[in-house]
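Chemist: Assemble chain B onto chain A, guided by the hints.
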Amino acid sequence: MKQLISVFSLLLFSTIVQSSSPDPRDLIKQAMDHWRGLSSYSEMTMTIHRPDWERSMSMRSWTEGDKTSLVRVTQPKKDAGNGTLMKDNNMWTYTPKINRIIKVPSSMMSQSWMGSDFSNKDISKSTDIIDQYDHTLVESRDNEGHNEYVIESIPHEEAAVVWGKEVLTIRDDYVLLEQQFWDQDGVLVKTMKALEIKQLGGRTVASRIRMGKVESPDEWTEMSVQEIQFNQKHDANLFTLSNLRNPRQ
Amino acid sequence: MTALPIKSIFILAWRNLWRNHRRTLIMLAAITVGAWAMIFMTALMRGMVDDMLLNGIRDLPGEVQIHHPEYRDDPSINNSLGAADEQLVSVMEQPPVTAWTQRVRVPAVISSERESRGVTLIGIDPASETDVGFDAEDVKQGRFLIDADDKGIIIGAKMAERLETRLGKRIVIMSQDPDNNIADRGFRIVGIYKAKLASLEEMYVYAGIGTVQKLLKMDGQVSEIAITGDDYRKVDAWYPRIKQAAGDDKQVLPWYEADSYLGSMLAVMDGFVLVWMVVVFLAMSFGLVNTLIMAVFERVREIGLMLALGMRPATILSQILMESFLLLLIGLLIGNTLAILTIMPLQDGIDISIVAEGMEMMGTSSMLYPALKLQDVILANAVVLILGIITSVLPAWRASRYDPIEALNKN
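If you're matching them up, the sequences are chains A and B in order.
Numbered by our numbering, the letters in the first sequence go through residues 980 to 1228 in order.
Numbered by our numbering, the letters in the second sequence go through residues 216 to 626 in order.
Wrong hints could be hidden among the right ones.
Only pairs whose alpha carbons sit at most 27 Å apart, straight line, appear in this in silico DSS-like list of lysine-lysine [said to hold, decoys possible]:
id, chain 1, residue 1, chain 2, residue 2
1, B, K432, A, K1082
2, B, K366, A, K1144
3, B, K432, A, K1066
4, B, K373, A, K1144
5, A, K1066, B, K429
6, B, K355, B, K366
7, A, K1046, B, K432
8, A, K1144, B, K429
9, B, K384, A, K1192
10, A, K1057, A, K1082
Over the 12 Å line for every Cβ pair with chain B, so calculated as not near, a few chain A residues [unchecked claim]:
id, residue
11, N1061
12, K1172
13, P1226
Quick look at which bits of chain B chain A covers, simulated, 3 or more residues with Cβ under 8 Å [claimed, not checked]:
id, segment
14, 322-329
15, 377-386
16, 499-512
Hints in this document: simulated from the structure, not taken from any laboratory.
Even glycine gets a Cβ: it sits at the ideal position worked out from N, Cα and C.
Next comes chain A alone, as it looks inside the complex (with noise of 0.2 Å):
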């Protein structure tokens, strides 16, 4: 049902973005949606730099709705067949190589996901930011043809969330051009910049996203999706711990 209204207010929303401002927490939303689509699967690979060395990770990611997420590694060899499973706030890893699925704690929640600068956090809730922030439009501007809005989201008094505020960028095709994460005295602490835009899987998307924090800028993470495709049928047994411990695609 959920997901029903928002594909209708995006269609509503589509007709109207380009004549008034648009809700700020709408636009979010969209945005979420419009990554993640009603289900998707992606392949993708993740860049780790650090100033002495550099890794890369081959990944292919399945989503459905917005809490359930299924990632796994395909390359290099080392790492692969490391999955992780999210399902309504939980996240569960597996490793091969033990042969174990291990329940992620909350005490490594703030921990990085597979070494990077993502931590389980990020990974597993980005879309709390919906209804754990107020948010404020704080401007609207042109840019090569496209509006891109700024809007500025301050996390509820009691929200799980330790930052400050989030100022995203989002373009009117609700493509994710920055997040930032400031912290409670206003400094600038990590970003999450959209590097590279184009036209995979019949939509415009980030294909290069890049997390880092400002203290470090020769540290980061980069996210390239080589495909992506919207909006597909999972099967049932697709998001369960069996499968995340045997593999069935």
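Modeler: Below, chain B without anything else, positioned relative to chain A:
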């Protein structure tokens, strides 16, 4: 021939004592210093251990704790108790119990924008907590929690430093609810506390018990009930009653079992005091025996004469023992006075913050309060007197066994 009356023995002993007053004074000084060292050092050590125990009991907290039987092995949220029922409350309201409180205590993760750390999240009822565990005075910045449903959190100064956060900012607490789902929420830091031990500041964060129960979906459950009476040494008198009222399905432990390190500390201390006193006495006793042997040796002829005139060996023996007794008595008198005089001005505590970091590892704070206990003073005096007399028996015995002819003929 009748035995000499005790008064004459006393006069003889007293006069003999001051025949060589320099030697007597030196011996007196030795006994005085010995007695002073025994009492003063014991008071210091007692003070240190008392402080350690009181701190320890406050951190436990409580002199008696009630837990789920499994909680101490696995402090997870699943091992919690129902809140205290009427029967238990009525027992806990009786003296000598002075205060009790209920707490939720679970492992959690605290995160700021830049750091995250493992902590123990303690949900407290501010009204009753301050009499048992957390001291509201320790909150150095901001305020203490107002009520059980306070939405704020109090963290330690060291923790604030580690998290690069401060009063008034928000942090996120993450833990697990009984179904192993992640429970998290933001808290605003309303207070920053300073503990006597900096290590504790990193270990505990405090929030309202109602807020924590709601966050963790605990439904009124608590992790522990802590009860405090008027004297931690007398806990045995009342804790069985609590145990009975709590029922068999709960684990009720007095502090010395809840933290057996603390418990053994007290027993070790008693043994240690005795050993310390005996060691000091041993050093002293050599001087004492030597003095008496010399005193006897000097007056061999005199003793021979007295024996020849018909004084009984037993009287000689008691005369020399009396000498030793007087010496010990005067020494102890001065030693005790001196010890009390040195402890009195230090009652307000000795600042040992120079070595505070080392003391902290032992669990004591940077102020040392000497604790003078009557039983220790009595013990010190008894050790010196009794063992002193026993060691004096040897020279006295030898003096009383002289053959009068031989003694008289000694140059």
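Chemist: Are the hints correct? Go through all of them and say.
Modeler: Cross-check of the supplied hints:
no. : hint                : in the structure
1   : B/K432 <-> A/K1082  : holds, 20 Å
2   : B/K366 <-> A/K1144  : holds, 20 Å
3   : B/K432 <-> A/K1066  : holds, 20 Å
4   : B/K373 <-> A/K1144  : holds, 25 Å
5   : A/K1066 <-> B/K429  : holds, 23 Å
6   : B/K355 <-> B/K366   : holds, 19 Å
7   : A/K1046 <-> B/K432  : holds, 22 Å
8   : A/K1144 <-> B/K429  : holds, 26 Å
9   : B/K384 <-> A/K1192  : holds, 21 Å
10  : A/K1057 <-> A/K1082 : holds, 22 Å
11  : N1061               : holds, 21 Å
12  : K1172               : holds, 19 Å
13  : P1226               : holds, 25 Å
14  : 322-329             : holds (count 7)
15  : 377-386             : holds (count 4)
16  : 499-512             : violated (count 0)
Of the numbered hints given earlier, the model fails hint 16 alone.
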